[in-house]
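Visitor: In the order they appear, the protein sequences are chains A and B.
If you want this note's numbering, it's the position in the first sequence, counting the first as 1, plus 474.
If you want this note's numbering, it's the position in the second sequence, counting the first as 1, plus 474.
None of these hints come from the bench; they were simulated from the model.
These numbers were taken from a predicted model, which means no experiment stands behind them.
According to the in silico footprint, chain A covers these stretches of chain B (three or more CB under 8 Å from chain A):
1. 652–663
2. 863–872
Below, simulated BS3-like cross-link-like pairs (lysine-lysine); rule was C-alpha separation at most 25 Å, straight line:
3. A/LYS558 <-> B/LYS874
4. B/LYS649 <-> A/LYS893
5. A/LYS893 <-> A/LYS874
6. A/LYS851 <-> B/LYS650
7. A/LYS582 <-> A/LYS558
Per label pair, the in silico range of CB-to-CB distance:
8. A/MET751 <-> B/ALA506: 28 to 34 Å
9. B/ALA873 <-> A/LYS857: 36 to 42 Å
10. B/LYS874 <-> A/ILE496: 34 to 40 Å
11. B/LYS558 <-> A/GLU646: 49 to 55 Å
12. A/MET751 <-> B/ASP841: 20 to 26 Å
13. B/LYS558 <-> A/LYS558: 35 to 41 Å
14. A/ILE550 <-> B/ASP562: 41 to 47 Å
15. B/LYS558 <-> A/ALA873: 22 to 28 Å
We put the beta carbon where it would ideally sit given N, CA and C, even for glycine.
Protein chains: 2
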Amino acid sequence: MTLIDLARNNELAPRIVKTAEIENVSPEFLRAGLANGTMVIPWAQGHELSRPCAVGDGLSVKINANIGTSPDAGDISGELEKLKAAVDAGAHAVMDLSTGGNLREIRKSIRDACPVSLGSVPMYEAGYMAIDSGRTFRQMTAGDMLKAVRLHVADGVDFITVHCGVTLRAVEYLKKNRRVCGVVSRGGALLARWMVANNQENPLFERFDEVIDICRETDCTLSLGDGLRPGALADAGDRAQIEELYTLGELAARAQKRGVQVIIEGPGHVPFDQIAMQMKLEKRACNNAPFYVLGPLVTDIAPGYDHLVCAIGGTMAAVNGANFLCYVTPAEHLRLPDASDVREGVIATRIAAHAADIANGIPGARDWDDKMSAARKSRDWEKMFELAIDPEFARASRAKAPSAKEDACSMCGDFCALKGEDYF
Amino acid sequence: MTLIDLARNNELAPRIVKTAEIENVSPEFLRAGLANGTMVIPWAQGHELSRPCAVGDGLSVKINANIGTSPDAGDISGELEKLKAAVDAGAHAVMDLSTGGNLREIRKSIRDACPVSLGSVPMYEAGYMAIDSGRTFRQMTAGDMLKAVRLHVADGVDFITVHCGVTLRAVEYLKKNRRVCGVVSRGGALLARWMVANNQENPLFERFDEVIDICRETDCTLSLGDGLRPGALADAGDRAQIEELYTLGELAARAQKRGVQVIIEGPGHVPFDQIAMQMKLEKRACNNAPFYVLGPLVTDIAPGYDHLVCAIGGTMAAVNGANFLCYVTPAEHLRLPDASDVREGVIATRIAAHAADIANGIPGARDWDDKMSAARKSRDWEKMFELAIDPEFARASRAKAPSAKEDACSMCGDFCALKGEDYF
Numbered sequence: 475m476t477l478i479d480l481a482r483n484n485e486l487a488p489r490i491v492k493t494a495e496i497e498n499v500s501p502e503f504l505r506a507g508l509a510n511g512t513m514v515i516p517w518a519q520g521h522e523l524s525r526p527c528a529v530g531d532g533l534s535v536k537i538n539a540n541i542g543t544s545p546d547a548g549d550i551s552g553e554l555e556k557l558k559a560a561v562d563a564g565a566h567a568v569m570d571l572s573t574g575g576n577l578r579e580i581r582k583s584i585r586d587a588c589p590v591s592l593g594s595v596p597m598y599e600a601g602y603m604a605i606d607s608g609r610t611f612r613q614m615t616a617g618d619m620l621k622a623v624r625l626h627v628a629d630g631v632d633f634i635t636v637h638c639g640v641t642l643r644a645v646e647y648l649k650k651n652r653r654v655c656g657v658v659s660r661g662g663a664l665l666a667r668w669m670v671a672n673n674q675e676n677p678l679f680e681r682f683d684e685v686i687d688i689c690r691e692t693d694c695t696l697s698l699g700d701g702l703r704p705g706a707l708a709d710a711g712d713r714a715q716i717e718e719l720y721t722l723g724e725l726a727a728r729a730q731k732r733g734v735q736v737i738i739e740g741p742g743h744v745p746f747d748q749i750a751m752q753m754k755l756e757k758r759a760c761n762n763a764p765f766y767v768l769g770p771l772v773t774d775i776a777p778g779y780d781h782l783v784c785a786i787g788g789t790m791a792a793v794n795g796a797n798f799l800c801y802v803t804p805a806e807h808l809r810l811p812d813a814s815d816v817r818e819g820v821i822a823t824r825i826a827a828h829a830a831d832i833a834n835g836i837p838g839a840r841d842w843d844d845k846m847s848a849a850r851k852s853r854d855w856e857k858m859f860e861l862a863i864d865p866e867f868a869r870a871s872r873a874k875a876p877s878a879k880e881d882a883c884s885m886c887g888d889f890c891a892l893k894g895e896d897y898f
Numbered sequence: 475m476t477l478i479d480l481a482r483n484n485e486l487a488p489r490i491v492k493t494a495e496i497e498n499v500s501p502e503f504l505r506a507g508l509a510n511g512t513m514v515i516p517w518a519q520g521h522e523l524s525r526p527c528a529v530g531d532g533l534s535v536k537i538n539a540n541i542g543t544s545p546d547a548g549d550i551s552g553e554l555e556k557l558k559a560a561v562d563a564g565a566h567a568v569m570d571l572s573t574g575g576n577l578r579e580i581r582k583s584i585r586d587a588c589p590v591s592l593g594s595v596p597m598y599e600a601g602y603m604a605i606d607s608g609r610t611f612r613q614m615t616a617g618d619m620l621k622a623v624r625l626h627v628a629d630g631v632d633f634i635t636v637h638c639g640v641t642l643r644a645v646e647y648l649k650k651n652r653r654v655c656g657v658v659s660r661g662g663a664l665l666a667r668w669m670v671a672n673n674q675e676n677p678l679f680e681r682f683d684e685v686i687d688i689c690r691e692t693d694c695t696l697s698l699g700d701g702l703r704p705g706a707l708a709d710a711g712d713r714a715q716i717e718e719l720y721t722l723g724e725l726a727a728r729a730q731k732r733g734v735q736v737i738i739e740g741p742g743h744v745p746f747d748q749i750a751m752q753m754k755l756e757k758r759a760c761n762n763a764p765f766y767v768l769g770p771l772v773t774d775i776a777p778g779y780d781h782l783v784c785a786i787g788g789t790m791a792a793v794n795g796a797n798f799l800c801y802v803t804p805a806e807h808l809r810l811p812d813a814s815d816v817r818e819g820v821i822a823t824r825i826a827a828h829a830a831d832i833a834n835g836i837p838g839a840r841d842w843d844d845k846m847s848a849a850r851k852s853r854d855w856e857k858m859f860e861l862a863i864d865p866e867f868a869r870a871s872r873a874k875a876p877s878a879k880e881d882a883c884s885m886c887g888d889f890c891a892l893k894g895e896d897y898f
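Okay, chain A solo, but in the shape it has when bound:
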């Protein structure tokens, strides 16, 4: 029995009860959301998870941090350091996107150390299998792909990204309407090139029922990847992207019907004025399934600052329906992030999520801000540091001020606006 099965039976499974406690909502609220597919709890059976979360409409916005090795940097200790940085900074989920080193060993190490939901991308493993056995990516087989899905689920990850919506029809649209930046999803590109080279339909689409069967085994949540997400403002909302989105909506309904939880993945690079539309379109096309967006990045011109670009788009997205924000680090578009980038990316994305929670009226969200503002009014520095989203950083920054030890704020001295004895 999966969580959806139980929810539909009106059963409050222990995973639902524990998650509801952490989310500060009633178990019944989660049960209803699970039953109708508007919420998920990405928590595989058998995985000890000290910080589970639920994702979906009516809940606070959750954030994910991507970590993982590359062919250039396959060191596992570096990944465990990034994992710790992400978790300590407050990520609700982590994805292992490793493509270098011993993928399975890395995944298991991360899983054992991970107190939050863990996601992974089996397609990289399928590519790796081909390369590892002396073949090229184009010589992957449909069997490799399904085998990789099976392997990841068996290893006990809580959710997997599978690019089931990259169909020959969608790829045909790419040919007709050339993009500025092509396909930027690694899994999506791998798959699309394989399909074109072999003139075959996407096995993960054709054999979607098998994917469902595999996920049912551990109640692994299916995160339907957006292999054709736009990687440039110019490409946002093109026909290929929306073709894939509607396919994902149909696949989501099939998986949910069979008791498998589904998240829909989304863009990517999107101009600010198109974000609300994109969010509402996903809700329409995918019957309000939880929406998991990467960004969106509202400009292409700021490498080094893409965590900030992403926080702008992420807030707007989450106010218009996105439920799960994948972070972007300051290293995006430049290099792999290190632990410090991971930390900064998580904080930036948490700020976006919190700003959206306030705007969305999530009960209690603004209490935090009100406490901070009261501490500011009374110039209680210790309290301000405690309440800061990054106490350590705030404290260190303040310590640079010449009058940091005084009650007076270093900014204004006698001109302090807050020092009044009046009613303001």
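Go by the hints and put chain B onto chain A.
Guide: Just chain B now, with coordinates in the frame of chain A:
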């Protein structure tokens, strides 16, 4: 004759022509905006300005960087360093908010070194005059205030912030509806306390015609300050704030009628879902006068990251009518910024402004992004660095990657999504 006088006479003054060239719009477009008060060119007569700008509806969003000494740190060389950092990073305007050291000398030094519009806040000077002559802030006179306005305008600043809308009636609302964070505008607090202590109406409100007369002398733009802006999410949109806003709208009409250009200043700390409303309300209350916002900050809990918080709110604001974004630096709420904070604040705010320009359909705005995305697709690192909003920072970040010198992006190696020979 002021720019408004000339514009109403259908005359294309040299200041209009030069600014139009820089703005890449027709002089006639600016002339019409100046004539009807929806645009300003903050450029005082007699000020040599190599990088003037226009601010208003239909134009790209402009950004301002605040610099200035404090009683703790009155060193002028530090301010000139910050000025250079702001200008080099692309600020369109700078405000000198000095409250420590020899204010007039500092102002003149900054003015002489400043290639962009320079603004200042005479109220600090008025407070300083009182203190300097052995009186308290509460013993300031109406004469001090008018004298300070005269002094700043005579010193040739391009725009002045004057808190003319802090009326006894507005202050009364503060008493009735207590705020979490009181009055956070330094000028506003100084003035309001003076009014309460002396039981007198705001001289800058009562003697507004004199303020207009003074501004006419050099065609100094009047930036009507929001002395009662909210300093906490909890205080956003309260009756005192909106009372002041409507007063500013009435004063704006009076100044514009007499040929003085007007900018309206706005919040502050505002929940994301209230930003659009606040922007539209300003347009309604102030007859579409250019709106200059500080932030808005969409959460109170992120000291150390408030440049990012401000970029989120600034984008949303600028898409809904804000024309001029005052930056916030990572030092906000903690200490005075140094040159590096200034730089980071300007970049963050430029990102917000650019994201809004794209969303607002400003002609040519997205070309920059499209060029970057094309460079990304062809993995042309040199071109990407050149196009980056902060080339130096992007280059330094990239240099940390293990394979930074190779054509392959360090992130994916063989898994690169962009390396295809296909049509995507």
